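Protein chains: 4
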Amino acid sequence: MADKLRIGMLGGGRIGKLHATNVQNFVPNAEVVILADPFLNADMEAWAKEINIPHCTKDPEEVFNSPDVDAVFICSSTDTHAEFMMKAAAAKKHIFCEKPIHTDVAKIKEAIAAVENAGVKLQVGFVRRFDRSHKAVRDVVASGKLGKPYVIKVCSRDPGAPPMEYVKVSGGIFVDMMIHDFDMVRYLAGSDVTEVSTTGAVLVDPQFAEYDDVDTAIVTLKFANGAIGVIDNCRQAPYGYDQRVEVLCEKGSVQDNNHLENEAFISTAETVESAKPTYFFLERYNDAFVAEVKDFVAAVLDGKEIPVGGKDGLEPVRIAIAAKKSLKEGRPVKLSEIES
Amino acid sequence: MADKLRIGMLGGGRIGKLHATNVQNFVPNAEVVILADPFLNADMEAWAKEINIPHCTKDPEEVFNSPDVDAVFICSSTDTHAEFMMKAAAAKKHIFCEKPIHTDVAKIKEAIAAVENAGVKLQVGFVRRFDRSHKAVRDVVASGKLGKPYVIKVCSRDPGAPPMEYVKVSGGIFVDMMIHDFDMVRYLAGSDVTEVSTTGAVLVDPQFAEYDDVDTAIVTLKFANGAIGVIDNCRQAPYGYDQRVEVLCEKGSVQDNNHLENEAFISTAETVESAKPTYFFLERYNDAFVAEVKDFVAAVLDGKEIPVGGKDGLEPVRIAIAAKKSLKEGRPVKLSEIES
Amino acid sequence: MADKLRIGMLGGGRIGKLHATNVQNFVPNAEVVILADPFLNADMEAWAKEINIPHCTKDPEEVFNSPDVDAVFICSSTDTHAEFMMKAAAAKKHIFCEKPIHTDVAKIKEAIAAVENAGVKLQVGFVRRFDRSHKAVRDVVASGKLGKPYVIKVCSRDPGAPPMEYVKVSGGIFVDMMIHDFDMVRYLAGSDVTEVSTTGAVLVDPQFAEYDDVDTAIVTLKFANGAIGVIDNCRQAPYGYDQRVEVLCEKGSVQDNNHLENEAFISTAETVESAKPTYFFLERYNDAFVAEVKDFVAAVLDGKEIPVGGKDGLEPVRIAIAAKKSLKEGRPVKLSEIES
Amino acid sequence: MADKLRIGMLGGGRIGKLHATNVQNFVPNAEVVILADPFLNADMEAWAKEINIPHCTKDPEEVFNSPDVDAVFICSSTDTHAEFMMKAAAAKKHIFCEKPIHTDVAKIKEAIAAVENAGVKLQVGFVRRFDRSHKAVRDVVASGKLGKPYVIKVCSRDPGAPPMEYVKVSGGIFVDMMIHDFDMVRYLAGSDVTEVSTTGAVLVDPQFAEYDDVDTAIVTLKFANGAIGVIDNCRQAPYGYDQRVEVLCEKGSVQDNNHLENEAFISTAETVESAKPTYFFLERYNDAFVAEVKDFVAAVLDGKEIPVGGKDGLEPVRIAIAAKKSLKEGRPVKLSEIES
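Protein chains in written order, with the working numbering: chain A, 1 to 340; chain B, 1 to 340; chain C, 1 to 340; chain D, 1 to 340.
Isolated chain A (complex conformation) (with noise of 0.2 Å):
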């Protein structure tokens, strides 16, 4: 392989833009070389032309197709990633592929294995793992220096709830939300989930009912090796993007508090404030969107290992079906009874 990865953008949205600016300006030894996008206008093109992407097409095939092209972003709608994959790993082409895969489990299955089948590595989109202070907290609990852990929490609060056009196609608050977080959990737990149990309710806007989702929802958790946990997600946290996690373990407890927009703080007769915590993912995440993507480069040039495979990809998608049956079921659901 080259000494540069070469890679084709497949979609030109706002987390393709995202992916596409952060390749051209922080990764040495990555470039964009083709973008896909069946929405290609003048603005587009103008954009992409600004960070040096030599060509736009409307046809996917196209990417699949170039010989110049050694990776694949799959950024486009979420109905896509699946098929995308496959004809990716059809062609050969490594796969960074933006979460969730599917909302179907036996299409993710089936879109892993024809990544197996054919050789190319995989990396999922769970860009929260690549964060300073949750990677800090994990490396910790993974070194072992604190003993088994005992219970793993993850609080994850959004500024405000979407456009309810949104929330009709979004598959629901399990899928759309939480689902980074049942990603941080068996990140952060080393271990996979067995069962969980859901309590929810509709707190921030009637309307989420109507779309048989809930707003406000905790989740508690079981995991393999024993721990247990608990997640508690709400579509709106006014003060901002509101991500904590903690685990507590035999020797002691590891946990994160929010990043804020600066470290000023003002003392008067009355009160004394700070800065809130960054306003949404693209400020608190940053980084992290670099930092994945270094790290899928690195693991194709470099043949390190992949840091969030297909298993990682497939699994919070059955804790989500999981935690949203339970919900609606009123009862714990154990993991083995989703499709696995």
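Think of the hints as simulated: they come from the structure by calculation, not from any bench. Source: prediction; values computed, not measured. One or more of the hints may lead you astray.
If chains are identical, the list can't say which one is meant, so a pair holds when it fits in one copy or spans any two.
Unchecked claim - Derived PhoX-like pairs: lysine-lysine, alpha-carbon spacing no greater than 25 Å straight-line:
no.	residue 1	residue 2
1	Lys251	Lys328
2	Lys49	Lys294
3	Lys109	Lys4
4	Lys99	Lys334
5	Lys304	Lys168
6	Lys311	Lys99
7	Lys99	Lys145
8	Lys4	Lys49
9	Lys109	Lys49
10	Lys109	Lys92
11	Lys4	Lys145
12	Lys294	Lys17
13	Lys311	Lys334
14	Lys135	Lys58
15	Lys17	Lys49
16	Lys135	Lys109
17	Lys294	Lys148
18	Lys311	Lys135
19	Lys4	Lys334
Chains B, C and D: place on chain A using the hints.
Only chains B, C and D this time, still in chain A's reference frame:
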């Protein structure tokens, strides 16, 4: 009533001594005038003399019969609480009763009914409500300035597991340890719990399993006002007494950090070290123990409202029973299933 | 000596009351047996009775002459300290003396000499050394694990300026307020001050200028061990009592944060608010006032070393005189220029 | 002027590379079109090509003479700054000049006069003004909501001493290191410095004394608006880059904490450990380097005010000279004593 509340102390064990010392030293408008303890001995008498308790006896009836006693503090063994409450009520003494009143709902109800019939005042010793940080959190919620509560969270961990001799008779983690947190979530939410769902594990010490107990537990809760919540408990947090509460509301969140042993921190080439949380409940809730007694005395002398009444004594026991049932039966349990 | 130190309290004003109450409530091996105050009245007697001081008098000689007094607490007006020290020494009473001993170096030396000749113990009331956070900082420095101290910093601000009636007779900011910090830097550095340089300003209230005083001052210091340091004082910090210390050493730094009223914080769309620092010295140094007396009693009863002795009473006064001289003369002043 | 500012980069060393990379990656309305460096070699050319700088030369005159250059970045060695400023001014190029302009006041004034006569814009590279935390502190002060500033404090420590080869030619701690803090206090106070008084010591490494320098220094300052202040510097803070500022005002204070490597912390039976401050200026002021260039480009393209102008380049040098003089002469030095 006199300017000074005359207190009869029932029980001269750890908690009785704590309350008696606090009354004598910090509550100018109250005094302990008699101490009754069946295990009264020379040491206990010497201690009583030292803090100016003028009379000691082995017989609790002396307390109930004395015309010089305005109020009793029930700090005796748990199995005597309800009975002593009824005797005190019959003798028209006001009552400060350590938690829990009893582990049997019917007995609690009987004792509360006796108190109400007698027209005396009753305060139950849920001391954490008087902690300055937890109280600050609750006051913000109760003020309504953050709008409706959405999510109530309590993390509560002891520094280390108690002796197994104690565990055997403790009634289990829900009645013995988490009962404080069941009170705390009601206090924070300003609403009753309607349903619980429990996840538990034996991680700290396999002996807990022998006593049909767990040492680590997560309980999710639903409240009458629509909010949801979660409590996590562990018998062992080697870094000290971990006591944090958090309420996410419509317009923001309010939470507290642990109190630390001191505010110093050391920065070196290796790390930045700060002090640990205060060691256990005596260190953390030192001031709160005084504050709850001051409030009780003020309620009796000045006719102010009792801050923690009979229902506050009953409900946490019902929630504990429900939580235990949820763990046994592997399903959410509604509070309506528990005798009320 | 008896098991219990019998204390004669000289002065029943604010600080005398504080010490007396602390002794009676928190120091089991000491008791105040007599109180002398020239302004003794019915209120003071009632208070003394309330906390079980058996005898009150207007005449300090009664204290010095009483065979039932082992030690005196000199909490009277500053101008009487040295004289009372000498009388107590003559009467072979151990001495706890509030700071400052005197504002005149010769008088301080005379009083200390009397104490030394009498062979009684003397502790000077520099209470901040007993604060748990400042003490933690100093203990790290004194342990030597960070190597040599390089820079000693103290920030010390009162919540608001005292009444001008007080300012007029206070002796000025260096003798009245910064004297605590001159003691603190010696304590932290483990070394004597050899030179000071003062920058001052009248910013809070122009009336300070009328009394030839400043309300805001920064003093840089050189220490015998080679370290340098800085103290900044202001008479007005509207957010509360600002008390922070910091020592940069060869291998790292150690510092402390303020103690807060509580550990709760509120996060909203506008800001994050936390509690203010504790209001003033009674709130911040509450525990330290008890600790210093316990140490004094232990030193007398058990023959332990006095933690704050005569030289510690003298040196801060000398530094204050030097700092004032530096301000007046607009130049660094060596301590060797001040009578020693 | 074109939509995009065309930049000629003078100097391809560490700071030149940093600015050039930032312009190419993060400043969409600017581009580096030429690089001039007398030490241009194959490596530097390869780097320039990598970040799309189309032309490199050893001759700075090419930059000044090019009609395709709108502005120059002076990132060459300090002794060339003033000369290059004058050449750029003569060529009607706008100027971003790294600090210091010169160590000689007359030279600085001559260069600034040339810039003013030419009518081009000049920004001096005091990057710390663009740090999000320091800027938040200053914005609060400048807003006036805390009333008048009373005390300005800056603590600034490097992680470790530079090589002695560098120290020898650095001009000393005041010109080389504390100059940033002299700028910072002016920025925070919104006022000029009128007097300084210096205390210094050689503590980190005795070699500093050989070069007539100190490695640790405290400078107190008076400001034209009546405020007073203090800066403390040390060449060695083993825990990282210590960068804290604080302003006490009439109605409150505003200060900032260090930025940490991450927000994780570990609690064990022994201690609580958190991450260290970011290592050095590249880590801490990473974002600020981009922000200052964006502001410069906006000032030139959109006619906005230059945030750090000629006087801001001159004054810190004058203060540094005064601080050094104060140390040598052992007395406070007024800024009026220094050539202006």
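Against the structure, the hints:
no.: 1; hint: Lys251 <-> Lys328; in the structure: neither (38 Å within a copy, 28 Å between copies)
no.: 2; hint: Lys49 <-> Lys294; in the structure: both (22 Å within a copy, 21 Å between copies)
no.: 3; hint: Lys109 <-> Lys4; in the structure: neither (31 Å within a copy, 49 Å between copies)
no.: 4; hint: Lys99 <-> Lys334; in the structure: within (23 Å within a copy, 37 Å between copies)
no.: 5; hint: Lys304 <-> Lys168; in the structure: neither (40 Å within a copy, 45 Å between copies)
no.: 6; hint: Lys311 <-> Lys99; in the structure: within (12 Å within a copy, 49 Å between copies)
no.: 7; hint: Lys99 <-> Lys145; in the structure: neither (32 Å within a copy, 38 Å between copies)
no.: 8; hint: Lys4 <-> Lys49; in the structure: both (20 Å within a copy, 15 Å between copies)
no.: 9; hint: Lys109 <-> Lys49; in the structure: neither (37 Å within a copy, 44 Å between copies)
no.: 10; hint: Lys109 <-> Lys92; in the structure: within (18 Å within a copy, 65 Å between copies)
no.: 11; hint: Lys4 <-> Lys145; in the structure: neither (38 Å within a copy, 49 Å between copies)
no.: 12; hint: Lys294 <-> Lys17; in the structure: both (16 Å within a copy, 21 Å between copies)
no.: 13; hint: Lys311 <-> Lys334; in the structure: within (18 Å within a copy, 37 Å between copies)
no.: 14; hint: Lys135 <-> Lys58; in the structure: neither (37 Å within a copy, 45 Å between copies)
no.: 15; hint: Lys17 <-> Lys49; in the structure: both (12 Å within a copy, 24 Å between copies)
no.: 16; hint: Lys135 <-> Lys109; in the structure: neither (28 Å within a copy, 51 Å between copies)
no.: 17; hint: Lys294 <-> Lys148; in the structure: neither (31 Å within a copy, 43 Å between copies)
no.: 18; hint: Lys311 <-> Lys135; in the structure: within (19 Å within a copy, 45 Å between copies)
no.: 19; hint: Lys4 <-> Lys334; in the structure: neither (45 Å within a copy, 59 Å between copies)
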